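Asks: Chain residues, written in single-letter form:
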Amino acid sequence: KNEVEQSPQNLTAQEGEFITINCSYSVGISALHWLQQHPGGGIVSLFMLSSGKKKHGRLIATINIQEKHSSLHITASHPRDSAVYICAVKELKGAGGTSYGKLTFGQGTILTVHP
Amino acid sequence: DAGVTQSPTHLIKTRGQQVTLRCSPKSGHDTVSWYQQALGQGPQFIFQYYEEEERQRGNFPDRFSGHQFPNYSSELNVNALLLGDSALYLCASSLDYSYGYTFGSGTRLTVV
Chain A
908 KNEVEQSPQN
918 LTAQEGEFIT
928 INCSYSVGIS
938 ALHWLQQHPG
948 GGIVSLFMLS
958 SGKKKHGRLI
968 ATINIQEKHS
978 SLHITASHPR
988 DSAVYICAVK
998 ELKGAGGTSY
1008 GKLTFGQGTI
1018 LTVHP
Chain B
653 DAGVTQSPTH
663 LIKTRGQQVT
673 LRCSPKSGHD
683 TVSWYQQALG
693 QGPQFIFQYY
703 EEEERQRGNF
713 PDRFSGHQFP
723 NYSSELNVNA
733 LLLGDSALYL
743 CASSLDYSYG
753 YTFGSGTRLT
763 VV
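First to last, the sequence lines map onto chains A and B.
Using our numbering, the first residue of the first sequence is number 908, and each one after it goes up by one.
Using our numbering, the first residue of the second sequence is number 653, and each one after it goes up by one.
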């Protein structure tokens, strides 16, 4: 079982729909990242969370540390939101919980939004 | 303020050859991490460099090696290339002990 699991693996939506992508993890973490990857490869960091909720425009990210679960929501989805969305966790490592910064990634969710 | 710069963007090599990929971190960042992303998969951690030392390493063979220079830029070297080394290689920089990462656009390596 992977340390970071995302669901669904593929998601198709109509423009305007509300979208949710889920991420569950099994390790102790110091932070969780939501990333966006377009065809061609470049990765853009959307959110970094260690607790609670963050909002940026139409994107909302939440995390529940006790349940080891995070969600990424997209409101009023648009075809330009089509991309791969990746959840990545920064594990707690080393003495005293020092985090050396290794990220462990989920397999990604392929989102396609049709006009 | 430049972000993370990776070169080259694309590369084709023959099995058995050696390759060097380069990464310039975001200004102010001192830590560089390298990841391998096979087609359709999430990135896998190769190693991380801080203060010119390899600080942490993922589950990759010794054919994969790296270096960090005093200006914090980094190189990833892969020897004796295999077909399975074909992937997108991503570099991410950060300021040590902070949580934020900046990713480069990657180098697409094809081994034939």
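None of these hints come from the bench; they were simulated from the model.
Among these hints, one or two may not hold up.
So the derived label-pair ranges between C-beta atoms look like this [what the hints assert, rightly or not]:
id, chain 1, residue 1, chain 2, residue 2, range
1, B, Val764, A, Gly935, 22 to 30 Å
2, B, His662, A, Glu922, 42 to 50 Å
3, B, Asn729, A, Gly964, 20 to 28 Å
4, B, Arg667, A, Ala983, 25 to 33 Å
5, B, Leu734, A, Glu910, 22 to 30 Å
6, B, Gln670, A, Ser914, 34 to 42 Å
7, B, Phe721, A, Ile972, 35 to 43 Å
8, B, Gly655, A, Ile1017, 22 to 30 Å
9, B, Arg667, A, Glu974, 41 to 49 Å
10, A, Pro946, B, Leu735, 17 to 25 Å
11, B, Asn731, A, Lys961, 41 to 49 Å
12, B, His662, A, Ile1017, 34 to 42 Å
13, B, Thr661, A, Ser952, 35 to 43 Å
All values reported here derive from a predicted model rather than from experimental measurement.
Note that beta-carbon positions come from the ideal geometry of N, C-alpha and C, so glycine has one too.
Asks: Cβ-Cβ distance between Arg667 (chain B) and Glu974 (chain A): within 41 to 49 Å?
Replies: 46 Å, holds
Asks: Hint says 25 to 33 Å; check whether the CB-CB distance for Arg667 (chain B) and Ala983 (chain A) agrees.
Replies: 48 Å, violated
Asks: With respect to the beta-carbon atoms only, verify the hint that Phe721 (chain B) and Ile972 (chain A) lie 35 to 43 Å apart.
Replies: 38 Å, holds
Asks: Would you say the C-beta atoms of Gly655 (chain B) and Ile1017 (chain A) sit inside 22 to 30 Å of each other?
Replies: This hint holds: roughly 25 Å between Cβ atoms.
Asks: Starting from the hint 42 to 50 Å, judge whether the C-beta atoms of His662 (chain B) and Glu922 (chain A) obey it.
Replies: 33 Å, violated
Asks: Does 34 to 42 Å hold as the CB distance between Gln670 (chain B) and Ser914 (chain A), or does it fail?
Replies: 40 Å, holds
Asks: Could one say that the CB atoms of His662 (chain B) and Ile1017 (chain A) fall in the range 34 to 42 Å?
Replies: 23 Å, violated
Asks: May I ask you to test the hint 20 to 28 Å on the CB atoms belonging to Asn729 (chain B) and Gly964 (chain A)?
Replies: Because 40 Å falls outside the window, the suggested range is violated.
Asks: Quick one: are Val764 (chain B) and Gly935 (chain A) within 22 to 30 Å, going by C-beta?
Replies: 42 Å, violated
Asks: Within 22 to 30 Å or not, the Cβ separation of Leu734 (chain B) and Glu910 (chain A)?
Replies: 26 Å, holds
Asks: Taking 17 to 25 Å as the stated bounds, is the beta-carbon spacing between Pro946 (chain A) and Leu735 (chain B) within them?
Replies: For Leu735 (chain B) against Pro946 (chain A), whose Cβ atoms are near 23 Å apart, the range 17 to 25 Å holds.
Asks: Is 41 to 49 Å right for how far apart the beta carbons of Asn731 (chain B) and Lys961 (chain A) are?
Replies: 42 Å, holds
Figure legend: structure checked against the earlier numbered hints; hints not met, in rising order: 1, 2, 3, 4, 12 and 13.
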